[in-house]
Amino acid sequence: MSAVEAHRLGKHYRIYDKPQDAFKEWLLRRPRHHRLEVLRALNFTLEAGDTLGVIGENGAGKSTLLKLLAGTLQPSSGRLRVNGRVSAILELGSGFHPEFSGIENARMGCALLGLSPEQIDAALPEIVAFSELGDAVQRPVKTYSSGMYVRLAFSVVTAVDPDILVIDEALSVGDIYFQKKSLDRIRRFIDQGRTLVFCSHNLYQVKSLCRRCLWLDHGRARLLGDAGEVVDSYMDAMRERARVDARARETAPNAVGAGFVDAAFADARKQEYSTGEPLGVCLEIDPGEARADHLHVGVVLMRNDNIHVYGVSTRIDEVRLAAADDGRIHLEFEIPALPLLSGLYSFYLYLLDESGLHVMDKRENTLPFRVRHRGDEVGVARLVHRWRVAGGD
Amino acid sequence: MSLIATLRLLVARDLRARVAGSYLGVLWYLAQPLFLIVLYGFVFGAVLGVRFHRDQPSESFVLYLMAGMLPYIGLQESVTRAANALVDNRGLLESSPLPAWLYPLVPVLSSAVTELLGLLLLVMAAWWLTGALSPWVVWVPMLLLVRVSMSIGLGWFFAVLTPFFRDLSQLLGMLLTLLLFATPILYPVEMVPEKWRPVFAFNPLYYVVSAYREALLEGRFPLAAWLASAAFAALLAGLGWVVFQRLAPRARDVL
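Here the protein sequences line up with chains Z and S, keeping their order. Positions 0 to 392 (numbering that gives the first Met the number 0) are the ones given, in order, by the first sequence. Positions 0 to 254 (numbering that gives the first Met the number 0) are the ones given, in order, by the second sequence.
Next up, chain Z with everything else stripped away, as it sits in the complex:
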C-alpha cells in the first residue's frame, strides 16, 4: 500500500469580493465568485520511505498541497489517499497559547496531533530535551524568542512519531545549530523508512534530503523526478527569467569596420555539457581596415543570473591575432576540461582595440549552453582541491 496516492488532485478557492457574497451565493444558488485554481490535476505516488521535495515559486501551490496532505484542506477535485499518521509542520506553533508555559503548550500540541494522555506523558521528556529550552519550558510562551518558539514547535511535531512527515519551510528559522539538529532528526526519520514531504526554498536542502522532487508551476506539476535533476532545471528556469536579455542590443558601428562575423561552438550542435568535458568556441572576425595584430578579443563567461564566472582576453594572455588567407581572423577559444557545475551559461564576446579599452564590436549573451554535473557539489565551478587528514595514511 502506498503512503500517498494523488490522482488528478486539484484544489481551487472561491474568491469573493465581500464575505456576504459567499452567503448570498449559497442562498440564491447563483455564482458570485471567481475561481482561483491553486492546484490542477496532480498525479503522484509516494511509497513508504519515499522522500519528496516540493519546490516552486511563491503562489505555485506548495502550501496548499502540503495542507491537503496534512488533511487540513479538502481537495476540490481528484483523489488523495494518505495511509498512516501524518504529522505536519505547517504554521509552526499555531496552536500555541501565549499565556501558557512551553510544557503546557507542548502537551496541548501533542493532543492536537492525536496523542493520548499516556503517550503525551511518555513523549514530553524527549520534547523538552530536544528543544533544549531547559528551565524556559516553564515560562509562558509569550516570553520566547522566535527561535525558541520554533524549537519547541519542531520538537513537538517530530516527537509524535509520524509515518508521514510534512514540513513546510520550517527549517529556515532558528539558529544554524538547531537547523542542523533538526535536519539530523529528519534524516533519522528517513533512515527509519518514514515518508517525508519537504517544501523549502533552500534548494540545497531539498537536494540533499529528498530522493524525488516535484516542481510546481502555477498549480501544475512542471516536473516530477529525480531531485537533483528537477532542482537543476528549476534553478535554470529561475535564472533564465531573471536574465536581462541583452541579445537585441545593437552595437555602435566603428570607424574601421571591424567586427565579428561568426561565433559558434566547436562542436556546432552541442549545447549541453557535462562538467569535465572540453568546450570550444570558434570565432570569425573581420578586421576591416584595422591591422589584425592590433585587435584583441575578450571573452566573458556568465551564468544566467548575471554571475561573472570568468573573463579573459587575448591581451591578458598575450596572444597575437593574425589574419588568414581569406583576410579574416579565425580564433578558437578552448576550455579543455570544463570546471563549471550545473547551470545555464552564455558568452559575452568583445572585440577590442590595441589598448583593450575601446570596444569595436560585441556579441553579448550569445552561445547559451547548459551544464550538468553528477554529485552533490554546489556552487559555480569545481575548484581543484585536496583533503588531507592529519595522522592518516
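Since the hints were made in silico from the structure, they are not lab data. Some hints could be false.
Said to hold, decoys possible - Now the stretches of chain Z that chain S is said to cover, found in silico as 3 or more residues with beta-carbon under 8 Å: (1) 21 to 27; (2) 66 to 79.
Unchecked claim - List time: in silico EDC-like cross-link candidates among lysine to aspartate or glutamate, alpha-carbon distance up to 16 Å: (3) K17/Z - D13/S; (4) K206/Z - D261/Z; (5) K23/Z - D87/S; (6) K206/Z - D235/Z; (7) K361/Z - D261/Z; (8) K17/Z - D166/S; (9) K206/Z - D225/Z; (10) K206/Z - E239/Z; (11) K180/Z - E125/Z.
Just so it is clear, the structure is predicted and the values come from calculations on it, not from any experiment. We put the CB at the ideal spot given by N, CA and C, even for glycine.
Since the structure of chain Z is already known, use the hints to place chain S on it.
Same frame as chain Z, but now just chain S:
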C-alpha cells in the same frame, strides 16, 4: 486520541486561559455572575420592589433571580464567544485536522463548568436560607444538558454565519440583551399584561428558567417546562448542526 479527550483539553485550556495571569483566577467565574445578580437584585428587588410571589421575603427573591440569571448568563456568554469561534481559531482550522464544529463547542462547554459552580452556590444558599433542600436538585445535570444543547445549536448557527457577516457579533450582543428582558428572569410572568403573555410560549429560555426554578427552589419535578425546553433545545441543536454543516466549507473560503 478521541475527540472527546481533545475537547476536554481544549475546554480546560479555555477555562484557564481566560483567567491566566489574573490575581483572583478561577474566582472570577463566580464573581462576574454574582456581581450582575447583586446589581439586578438591588435595582429590581430593593428599588422597584419586584416580587415573584405575594409577600416573598427578599432572600427568596434573590434566589429566584439567581435561578433565572445563571442559565441566561451561561447562554449569553457561550453564544457570544461561540459566534467568534471560527474567526478566532482560523490558525488552528488551517493547521490542525480537528473538525471545525469542535471549536464552537469549547466556549459552550466551559460555560457549563462555570454555570455549575454558580448552581452549586445557589443550591447551598437555598438550603441555608430556607432550611430545605429540593429533592430535584438531582435533576441539575438534565437542566444543564438542555441549556447547553440550546447554546450549542445557537453557537453553531452564529459561528458559521459570523465569517460572512462580521456585523453579527455586534447585533448578537443586542439580541441577547433583548432576550434577558423578554424572559421573565427579573420579573414574574404575572406582572406582564395578559395579552402579551402568549409571546413567552415561543421563548425557549422561558421554559429553561421555569424548569430551573421549579426543580431547584420549588421542590417540584419540572415535567412540562423541562420537556418543552428539551424540545426547543433539540430543535435548535439540530438546526444549528444542519446550518453549520451546510455552510462551514464556504465559511472556510472567506476566513
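Verification of the hints:
| no. | hint | verdict |
| --- | --- | --- |
| 1 | 21 to 27 | holds (count 4) |
| 2 | 66 to 79 | holds (count 6) |
| 3 | K17/Z - D13/S | violated, 31 Å |
| 4 | K206/Z - D261/Z | violated, 39 Å |
| 5 | K23/Z - D87/S | violated, 23 Å |
| 6 | K206/Z - D235/Z | holds, 15 Å |
| 7 | K361/Z - D261/Z | holds, 11 Å |
| 8 | K17/Z - D166/S | holds, 13 Å |
| 9 | K206/Z - D225/Z | holds, 9 Å |
| 10 | K206/Z - E239/Z | violated, 20 Å |
| 11 | K180/Z - E125/Z | holds, 14 Å |
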